[in-house]
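Going down the list, the protein sequences come from chains R and C. Count the first sequence with numbering that gives the first Met the number 0 and you get residues 0 to 581, in order. Count the second sequence with numbering that gives the first Met the number 0 and you get residues 0 to 581, in order.
If you're looking for bench data, these hints aren't it; they were derived computationally from the structure. Because the structure is a prediction, the values reported are computed rather than measured. Each hint should be verified, as a subset may be incorrect.
No distinction is drawn between identical chains; accordingly, a pair holds when it is met within one copy or between any pair of copies.
Unchecked claim - Restricting the straight-line Cα-Cα distance to at most 20 Å, the calculated cross-link-like pairs of lysine to any residue (SDA-like) are:
#1 Lys149 / Asp194
#2 Lys554 / Ala479
#3 Lys423 / Glu406
#4 Lys74 / Cys484
#5 Lys220 / Met299
Protein chains: 2
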Amino acid sequence: MKTFTLYERFSRAFHDYPNLSKLVVLFTVSGGGLVAYSDANPISGYQSIFPVETENKKKRVVVLGTGWAGTSFLKNLKNPEYDVQVVSPRNYFAFTPLLPSVTCGTVEARSIVEPIRNIIRKKNMDIRYWEAECFKIDAQNKRIYCRSNKPSNLNGKQEFVVEYDYLVVAMGARSNTFNIPGVEENCKFLKEVEDAQEIRRSVIDCFEKASLPNLSEEERKRILHFVIVGGGPTGVEFAAELHDFVNEDMVKLNPGVKELVKITLLEATDHILGMFDKRITEFAEKKFKREGIDVRTGAMVVKVSDKEISTKERSGEVSSIPYGMAVWSTGIGTRPVIRDFMQQVGQINRRALATDEWLRVDGTDNIYALGDCATINQRKVMEDISAIFNKADKDNSGTLSAKEAREVIMDICERYPQVDLYLKNKQLRDIVDLLKESKKGVEKESIELNIEEFKSALSQVDSQMKNLPATAQVAAQQGAYLADCFNRMEDCEKDPEGPLRFRGSGRHRFRPFRYKHFGQFAPLGGEQTAAQLPGDWVSIGHSSQWLWYSVYASKQVSWRTRMLVISDWTRRFIFGRDSSRI
Amino acid sequence: MKTFTLYERFSRAFHDYPNLSKLVVLFTVSGGGLVAYSDANPISGYQSIFPVETENKKKRVVVLGTGWAGTSFLKNLKNPEYDVQVVSPRNYFAFTPLLPSVTCGTVEARSIVEPIRNIIRKKNMDIRYWEAECFKIDAQNKRIYCRSNKPSNLNGKQEFVVEYDYLVVAMGARSNTFNIPGVEENCKFLKEVEDAQEIRRSVIDCFEKASLPNLSEEERKRILHFVIVGGGPTGVEFAAELHDFVNEDMVKLNPGVKELVKITLLEATDHILGMFDKRITEFAEKKFKREGIDVRTGAMVVKVSDKEISTKERSGEVSSIPYGMAVWSTGIGTRPVIRDFMQQVGQINRRALATDEWLRVDGTDNIYALGDCATINQRKVMEDISAIFNKADKDNSGTLSAKEAREVIMDICERYPQVDLYLKNKQLRDIVDLLKESKKGVEKESIELNIEEFKSALSQVDSQMKNLPATAQVAAQQGAYLADCFNRMEDCEKDPEGPLRFRGSGRHRFRPFRYKHFGQFAPLGGEQTAAQLPGDWVSIGHSSQWLWYSVYASKQVSWRTRMLVISDWTRRFIFGRDSSRI
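So that you can see chain R by itself, here it is in the shape it has in the complex:
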């Protein structure tokens, strides 16, 4: 159907000369267009965006958010037995790893967004989308309260209620200001597409303001002092982008600008890119130093006014830095609606919504949370150690034999991934080798442990537990995992595939979520990128930049955005970045 429309669109313009039209199509789209053609496959289903009263008895799944987690969930959901409703204030998915590129015009904002309706219309399912913000989750009554963020012209009907059977919370997080005074009012953030666009306009504004005729040299320098707070990958990439923008593009418009611009990167800890390998951190710090980007580590921001940022050094000394524009990128905080919901379900004083290993919110049985708004509250082996022992001790002898241990080890490793990690780190292939450590001198096959000995053997495994980072990669994998669970919900109900329930009876329905780390990039500017890939493999330089280009191009959510991003990069290579205040 779509193919026909596409043809029709061309033929309308070319109806008298069909051969010429083919030539033009072939010519204009060259290589990419052919693939795009295959991407534009039949849209089968009819999805009205207007609410249809659902008379059927389908389970109602409500998804909050259209970021990495929510979109990944929607893309992977295949079971037509759900009535899905999506609520998000953004009617698009944004490829957030390219946000720093948007701040200086290397990539256009529109090139990294894909309308959520484009994504859902390709699925033969009941999915409806509403552009609104969920401002309250009522877990008791299984409903959420939503509000349109464009209330004008709606006759006071901007608020509405959606009821659910399952709720998937994927609302992401907000920037964390740590309640430092002046940050909210004076700093720019870099979480949303609009933030990146605003930073872009502000950067151009600073250059334009600094060029006004009646300013002193000192004032120009202050206006062109860009301060980035937070030395994580986002802050570092923005600093690098800005440096490139000044040195590759602005300098062409006025060579004198280079002497006036200063970029400062403030980091509270000892090193920038702390989560990366030491080699990457060192390389980045040296590169920035060489290029004149002032990296100030160990500097805590204590206050931001409209023209100055006050920092406190380790020594306790407080100093003030005059600035023209400040970008705040120090990590994530909890959204108010999530905080409110956490109190409802008895989760107090936590950073994010705690879930079990199946991404279900602790304290609920039909609410799932994934992405930046959630954190997996991994179960400790030591908490369950007696239950594990009892389950494993099949003959109720009060001791665990080598055979008995081997029978449950698969389930233990699946339920408690830290055990698996621990064995791998110790390079032990057999659980009995671990158990033997607390019973030295005994023959491996004739080992028998009582509960105290079993505890002591496993006492160190929980040290392997780590929270997952708040990255796009984690969120996307969680979305895909949860969709897979929803797809097979009925089958797995009948025929559970998960590990043994050590504290209860039977098995878990699903295998718990497992994160696979595919590596991480840190673009450092000047066509150089640092890449840290699994297996402790580190690569820094121009070749990693090309790896970065190809990974980011291939990860785009649609052929449309892929083409746009690639054409943006090409345009930047040929014409440089644009400096219009648009």
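Once you've looked at the hints, dock chain C against the given chain R.
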């Protein structure tokens, strides 16, 4: 004149071979890539954006505005003997004829803008640009007062004064609301790039709002009722774009939307596209009717509230139309700073700044005005008739002979273009044929006219006077004309090239400005465009659309924007328009 013929020849060719226009597009596109490289060549001149104290004695030219007139002036200015300063709140030139395409995402906003610094840095001249708004012109003291439109962070130094020797006023106009209550608050305008972006967001917002779950069918219909006030080319093109967007793109996301969307075009006069040929008007009205766009002519808007537009029919009947979004596009009005300046120079109760035929503001001797903010106050022959007669009557005989008349006719036609037009319309090759009309029966060569007879012979010529339309074409030609005058100022001072000064002595320095009309387009949607070309040549349909594509691509101010616009068109052909709220 030469271009005219060339154009006409092309038009003929397109008429006979409609596919030729497609070839032109092909050529434009294919040529683009190669030449684009040569366009991105090294910057030749060094221009600091930071003010340099000018010690030299160069004449200071201050240009207000970076629209069609201002940019055309800057592009064509070649004489390095000027110290040029440009003041404009927009640091870019925008290709405004594509603004309606931006409203629905056919073309991206950024694709039609070119940074003004990119344009001026290619010139080996002293040109400085300041992003500020001129809020007062002080003609007495030869200075202007400016204000940065981003005042924050400037320590109160956002205002400054610029002195000039010559002032070029090219500030354009603002939308005219005719002081109708509620228009300013509730309607969108379509003059600036930001306006187009806002309309785009509003259109998407309307679709999103209409899809919210708790609205009645009637409310959805109201929210999806788009009203365009003003049936000029802009309003008509926006209506057509919106109709295409709904029927080509939105309908794919939800087929039901077509029944809810309504587009109404309100026009106070009897026909839309009143300035075009009748055939075009008729075609457009029929096409719109067929497509369900409600064209209501003879409807004056009297009031706009947040949900309703009140109109008054010819019959006096007042009715109210509920709407979701309204776009106001009824013509242009004067900016406050221009109005204030007009009072200073004694121009009261005029629509725009009046200039003479050399674009110099009436009542000043060093201020020029061009583009939409100005209008040429063409001198009537009848005002000067005695002076003309005296000048022509070389032998002071009190009568004008055929020979005497022939000697001055070139100057008369140049000084008073209406005479030239009148002769052409009457198909008279010789002025004496005209003079003969008031002295019938006399042999042509022995004609002798006294002043009264001369007056009577020329009494009808002033009827040919017409104000120039407020179009990009006029503004661009005026900019180029004025730059040419500035380039040759000194030469022409010594060796004037203009016509005789009938009221004074000697000759005018320059030939007066003459507008050459190259035709006008009115895109009507569905890949059809109406084109009205010189020589009363009218073309409507798909081939004109391709002519439109090629003309608009070729008229882009830089190779960068040309490539961007073409790639936007290509993207739209392949993927449709984007509906993300960005």
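task: Of all the hints given earlier, name the ones this structure violates by number, lowest first.
output: 5
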